[in-house]
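Asker: One line per chain: the protein sequences are A and B, in this order.
With the numbering used here applied, the first sequence has no gaps in its numbers, which climb one by one up to 516 at the end.
With the numbering used here applied, the second sequence has no gaps in its numbers, which climb one by one up to 490 at the end.
Rather than coming from a laboratory, the hints here were simulated on the basis of the structure.
Errors might be hidden in some of the hints.
DEER-style ranges, computed between Cβ atoms [stated by the list, open to error]: (1) Leu284(B) to Glu455(A): 55 to 63 Å; (2) Val298(B) to Thr300(A): 32 to 40 Å; (3) Glu123(B) to Glu455(A): 48 to 56 Å; (4) His9(B) to Gly492(A): 52 to 60 Å; (5) Glu339(B) to Thr300(A): 27 to 35 Å; (6) Arg48(B) to Ile478(A): 50 to 58 Å; (7) Glu339(B) to His186(A): 36 to 44 Å.
Only a predicted model underlies this, so the values are computations on that prediction, with no experimental measurement involved.
Backbone N, C-alpha and C fix where the C-beta goes; we use that ideal spot for every residue, glycine too.
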Amino acid sequence: MPIPTLANWFARLRSGPSGDRAQLRIGIPRTLAIWSTHQFWLGFFAALGIAPRNLVFSSPTSEAQYHHFGRGRGTVDCCYPVKCMAGHYGELVFGQKRRLDVLFSPMFHSIPSFLDGAVKTSLSCPRVMAAPENIKAGFLKERDVFGERGIRYVSPLLDFGEPALVPGQLHAALAEVIPGLTLAETTRAAAIGWAALQRFDAGLRAESAAVLGACARRDAPCILVLARPYHMDPGIGHEIEGELQAYGYPILWGQYLPIEPALMAWMFGAEMQRGDIASPFDIADVWPSSYSANTNELLWAAKFAARMPWITCVIRLTSYECGMDQPTFSPVQEIVERSGTLFFAFQELDATKAAGSIKIRVETIAHYLEHASGDIIRQKRRLMGAGCPLEDATSQAA
Amino acid sequence: MNVSAFYRAYTQPDFTPHERERVEIRFAGLHWRADRVIQAVFENQGYRAAPMPAATRDDLMAGRELADIGQCCPASFVTGCLANFLRREAARLGADEVKRRYVYVSIGSCGPCRFGQYHQGYELALRHLGMEGMRLLLLDQSRLEQAGGGGLEVNLQLSLGVVWAILCTDALQSLEYRTRPYETTPGATDRAAADGVALLCEAFRQRPRHGGKWSALAWHLTTRHFVRALQLVARRFDEVEVDRLVPKPVVKITGEFYLQTVEGPANYDIHRWLEAEGAEVYPAAIAVWLDYLLRVSIQNLQARVAVDRHARAKLAVAKVLQRLLRWTFERMRRALDGVPHALPEQAELRALAAPYYHHRLAGGEGDMLVGKALWTKRHRAAHMICELSPYSCLPNTMSVGAMAGVLGKHPDLLYAPLEVKGDAEVHALSRCQMILTEAKKRAQEEFDAALARTGLDLAEARRRQAARPALRRATTAIPHRDVVGTGANTVLHLAAGRA
Ligand code: SF4
Ligand code: SF4
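If we strip away everything but chain A, and leave its shape as in the complex, we get (with noise of 0.2 Å):
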């Protein structure tokens, strides 16, 4: 069973209370953390009395996108998924029918992951984190483009990972935006933001579980991502993915894995009574330096992968120019393949989508997973033992 994408989840719009708020209209560019982090702001907004027309999100990337609205304002050249947001900036500016009156774009410190407690931090890659001030600085080197058009920016920086200071920090960036804002309002609306975010979260870890245990019980394969959430994006992950489901294969997003504790029992506790971690998210057997979110999770997922036997296959997405993937890619690439689990790597997406060589390659994988995919799984399961819960069929509605 395939796992929605985020897209269509963007256009889950809940509506909110009414009043003078509800004209406000407020665009968010759907880049970089917005990805993970998205439901957070539709529950927020909307607990706020933003009207859901009203918020608008950009277009999936496209180089059209690009190309239309934010040539001439990149500042420097690095990574498609930072360079991209000028086009996402300049869509919001200058391409709606109806202007908007802020252009709310945060900057991430840190983001909230399933690992906290187990890693060192969980910040954001620096560019994630700064994009906003890059990308701002092409809307306004020459002249004020929002001030011209009326439109109010607004770039609170967040330590979204420590949600007791998000309140704070979003109240002081809102209050001149949004009339009559006050903290007890915020606070309560990020209480809802979060509640939102985490039902959506546990929404996909559970059709994840319940994809693997479909897997288990007919002891079929499936196939394990392994991105940046942004590459859920179809301009920047150029849906690789989809290619593979249409070979009839599940497809699961490392950041979406279930984690329910007898899984994690199944997989991790003989590791952990050996003293060779402290708990199932424990990843500094395979990465010491556990400081980014989005790498810690990818580092965990490969785990993950290699100790479940119907994953058989890993695809690996990274974008060019990525200074926070490079030093993964070989432990990570060694976790899978040590498992026998088969691993392909996509590097250096960038703007055009290469769709010849993307198909060709996913030929070949699917291929390889014809072929290998039986052998894979008896061996891993040998490796793993019985009792996993997932093949309880009881278990899977976790």
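Knowing the structure of chain A, use the given hints to seat chain B with the ligands on it.
Answerer: Relative to chain A, chain B with the ligands alone:
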């Protein structure tokens, strides 16, 4: 379950206390002055230690080849430097003996950029070299006490020694760079600097040992031991004769920490190159970085005051530490007769950068890249900024991008961002030269204007300088007025004083 089927990160044997006698600690270097004095700090603590050699272009290539080609260039330089060192030593002594004899110590276990991931590059390189088991100790730059594997005890006495070594050598470096462009006897400054470093090494080797934390801290803060050593250095610099009545552009070095700090092929030897081109270099003091690290802690605590009941107390401690750091540096600076550059106020750097770059954006130099550029302009501290950007750096690309906004508002800022990637030296230096030409022009105009403003001509200025022998001494501080260059400031100073 067969657990051995799973990959595990690099593991290494411990460096045990009883090995201290025969193991040599090799630490990743900063600049030669700091390296030599830090070596003395280790020796003072009973360790055998030496800095790594200065990284070269060959090291960069080795780092790319053995680790990964896309890593940021400082990571490639230091990885390759270690790899080539081990190769040479293994050829001489055999791999097993090298692993027994050396322990490598570096800063680099802290996020969020590649800095926190250097271990991976080292590990790959060691694997490719067949040197697994070589001991690497990667320390956290923000902690004064931490585990060093048993054999290396990173305690307050050692850490304070390293910090004080940095403060002393920063002050000396600044004096040296303010002197050399104006020396009347070529080589005199280099000789004085070498003697100065030797004096400091001796002072650090003779540092009394303090077992207790508080006694170590109290002694470092109150002693005149290092001030006296620096005063001896100043007397040595007294012997260097200078003629400051020369219009030279002042070029401030900024950029990523490693590239702005080292002096050698890793940054195209930019300090020496600029001096050879006729500039006075305003080097990047490591103390500014330490001050910044304290600011980062303060900012992080400030963000938590409302939610962490201990934050206020920790904040107060961090603020006191910052004040003590700045006060100590000021003592060192005054011991060198006030000639070295003072530290910029971190609050000012932050405020200047604020419209362009948020103060809590982490990684690399954070908001200091922007802040220093605007500070330089506001304080007329340099005619031009030479900013060293590492190839493939994560945070630097972001702040360089934000600089586009700064330059849009301050088009008169002479700003030369040089991308350092090892194989584009000619291109980078020619770009720098173009901007330096403009800086030279400004320095000359400013010098001429100072003469015109004061009604002096050069001959009269020289006559007045000759009449005041103190002004020919490297250790006489020339007051900084409303002009940038040392030459122009000297003219104004001569005009203000008695004829
Ligand atoms: S993680 Fe990589 S792709 Fe993402 S912003 Fe950072 S450098 Fe760019
Ligand atoms: S600041 Fe840049 S160059 Fe320095 S370690 Fe981090 S990524 Fe590398």
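Asker: None of the hints should be skipped; say for each whether it holds.
Answerer: Against the structure, the hints come out as follows:
1. Leu284(B) to Glu455(A): 55 to 63 Å: 39 Å, violated
2. Val298(B) to Thr300(A): 32 to 40 Å: 18 Å, violated
3. Glu123(B) to Glu455(A): 48 to 56 Å: Roughly 19 Å apart at Cβ, these two residues miss the hinted range, so it is violated.
4. His9(B) to Gly492(A): 52 to 60 Å: For His9(B) and Gly492(A) the Cβ distance comes to about 54 Å; the hint holds.
5. Glu339(B) to Thr300(A): 27 to 35 Å: 33 Å, holds
6. Arg48(B) to Ile478(A): 50 to 58 Å: 38 Å, violated
7. Glu339(B) to His186(A): 36 to 44 Å: 41 Å, holds
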